[in-house]
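A.B. asks: Below, each chain spelled out in residue letters.
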Amino acid sequence: MKKIAKSLFTIVLVFAAAVCSGMAAAQSYPSKPLRLIIPFPPGGSNDIVGRLIATKLTERLGKQVVADNRGGAGGVIGTEIAAKSEPDGHTLLIVSSAYAINTSLYKLPYDPIKAFTPVAKLGTGPNVLTVFPGLPVNSVKDLIALAKEKAGKLNFAAAGVGSFQHLGTELFRMLAGIDIAIVQFKGGGPAMIDVIGGHTHATLGSLIQFMPHIKSGKLKALGTGGSKRSVVLPDVPTIAEAGVPGYEANNWWGILAPAGTPPSIVGRLHKELSVILSLAEIQKRFLDQGAEVDEMGPAEFGPFIAAEMAKWARVVKEGNIKAE
Amino acid sequence: MELLGNVIFGFSVALSLQNLLYCFIGVLVGTLIGVLPGIGPMATIAMLMPLTFNVPPVAALIMLAGIYYGAMYGGSTTSILVNLPGETASVVTCIDGYQMARQGRAGAALAIAAIGSFFAGTVCTLLIALFGPPLAEIALKFGSPEYFSLMLMGLVAAAVLAHGDMVKSLAMVVMGLLLGIVGADVNSGIKRFSFGVYELADGIGVVVIAVGVFAVGEIISNLSDPEERQVFTSKVTNLFPTKEDLKQSFGAIVRGTAVGAFFGVLPGTTPAIASFSSYMVEKKLAKDPSRFGRGAIEGVAGPESANNADAQCKFIPMLTLGIPASGTMALMLGALMIYGITPGPGVMTEKPDLFWGLIASMWIGNVMLVVLNLPLVGMWVSLLKVPYRLLFPAIMLFSAIGIYSVNNSSFDIYLMAVFGILGIVWRMLECSPVPMMLGFVLGPMVEENLRRALQVSRGDPSVFVTRPISLGFIVATVLILIVMVLPAVRKRRGDITD
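Those sequence lines, one after another, are chains A and B.
Here the working numbering is used: the first residue of the first sequence is 5, the next is one more, and so on.
Here the working numbering is used: the first residue of the second sequence is 300, the next is one more, and so on.
The shape of chain A in the complex, shown without the other chains:
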């Protein structure tokens, strides 16, 4: 008797729970914890920006947003996992310039155009071109003149084939019309150390990483990669204004959702994200990282990614860069 009563009670409970959860799903998003896939291991810029956004989204949405690092293969592994997730707004992906670059470098296990729907662009991280202080140049023009005088003699350190730093350097080489060697390292850190040690001549990389060495004089900053001067280094001209018109190479971060995510959910996420990005605390956090908040909604972010893909595809093709 007791047993029957117990199982009856269980059935009622389960039924009630099912009804409640069904109603909740229809009424409000999010209905369960969200997952923000970070397609890089902990520690990089994607990870830092991603965790920051995840914490704030948790506060705004009232449900836990879990930062889930799925690093490997230049971001391809994590991106693929996101592409194959349920498009119900509970799985999101943070992407950076690598997402646009990978399109023209690798055979991808997902369709980079159709697999995702853009949610919002979050920020921009400028690059800076620096040289070993022992190199007798003081400006981008000097560097180009020296590279032309000593054709094929200058070495630029980069963070690995197909890395953003590599393509940014390649773009510089193409637009400046110079003959330089690009020497690859395992990551931006080792590349920078080699230039500080004077073993290679110049390197282009993220402002935040180079900042302390620019301040201490171990690296000389010649130009930044943005379309306007960086607020962090206002005295340094952009590479474009310093003699390479048309040059622009910035890192950026944004949020994507799997294709098919309901537009109402994308709209809600964008709304929350723009509130988060307008917080003074978040803007300061970006500045601390040498980056700037640079918000775009779904309507702008989509074409922006398409333009980035086209730009880097051209550099990859003309530079004859192969990664497979």
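Simulated from the structure, these hints should not be mistaken for lab results.
Fair warning: this is a prediction, and the values are worked out from it, not measured in the lab.
Note that the Cβ used here is the ideal one computed from N, Cα and C, for glycine as well.
Only true hints are included.
Cβ-to-Cβ under 10 Å is the rule here; a few derived chain A residues that face chain B:
| no. | residue |
| --- | --- |
| 1 | Pro-46 |
| 2 | Leu-56 |
| 3 | Tyr-110 |
| 4 | Lys-157 |
| 5 | Gln-188 |
| 6 | Gly-191 |
| 7 | Pro-194 |
| 8 | Met-196 |
| 9 | Ile-212 |
| 10 | His-217 |
| 11 | Lys-219 |
Assemble chain B onto chain A, guided by the hints.
C.D. replies: Okay, now just chain B, sitting in the frame of chain A:
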């Protein structure tokens, strides 16, 4: 006596209640993640960093640093007890530490690892305080040619690791080199032997191989021979090292510290290289090298001192030049900047509380680690009395969790299983996996730096002998070769059956 004043100032900062607390939390968390295989200081620091933003920078940095060097202490525990390397740098400790445990001397091995680490930590704290900036400047002189020559020397010296058959050892080194080739080539970006598998695009994780070959392989082998287990637990003798042990270890600890400090200052090396080098030095200097691999206490004392010295000295380039010597250091550098501190030569003068406070806290942290670890020795050793039917699944579970946590990838767990099987095959063929690990760690660095050096010199190989530091290593390499080949030749003539 400016230094003395600075040191006293540092202690006054580090001994505040708050900083002591954070230091303790740091070394405790570090010890725990060190014990767990796979999950390393880098991932832990990345995840804990956001929590520290509301903490004063000095306290936060003291804690993060504690996690980092604490992990080096913890890493040895499981290596010694169950042949499970908690960190990459502890792979070497498995060789003799685990053999000591099998002979009932786990307590002595654990204690000597803690004592050696403490000695190394103390020396390196002094080193940072006294010679930090000039040492860092020297490290900058190392470019690709220097790293190539240094690593080449290590690879040649690997022959010392040979245990028994020389040909088998060489074959295992080559096996390690081949495994190291897997993944995207740094210089060209071409993916090698990844067979279209994206998980292999970045190469095979060193922890995956180490845990598979050492821990999983050991479990399989123990299961096939239930007799052995009895011997293992029945004669747990003294918990602490004897006078004889201490006497034997002293030289190894001093040399290990020196080796570790050297590699620690160089930004381009990993702690595993320091501990391997120290092991090779000890084996070469030992009166009876055949004891190595059979529970020689110097084989634990040297490498454990070396990896702690390396971890500690990695702070030299970071603090004095703002140069991150490893991924973990890059993270701490990032943390500093978030706190509004620009790392570099300025830190010492602009933020003396941070610089000297951190250095003093490192020494305090090392004291805490010894105090924390020595009493734990008894507890760890009693773990060995847990029946194997419980211990084995637990080791497997922790290995799998640890490996998974590195990349959140189940592929790595399968890969670990594959290496477990390979480990048992090698064991049956009597091929030691140690030279393989060395080949795996050094091979990619040798190749990368060789090709980069040649690219920068536009194909001119003379760069290796015209740069003085590189030339020094090349000469040393040739000398090592001669020293090693001569007795082998003489021996073969004298005694063919040997």
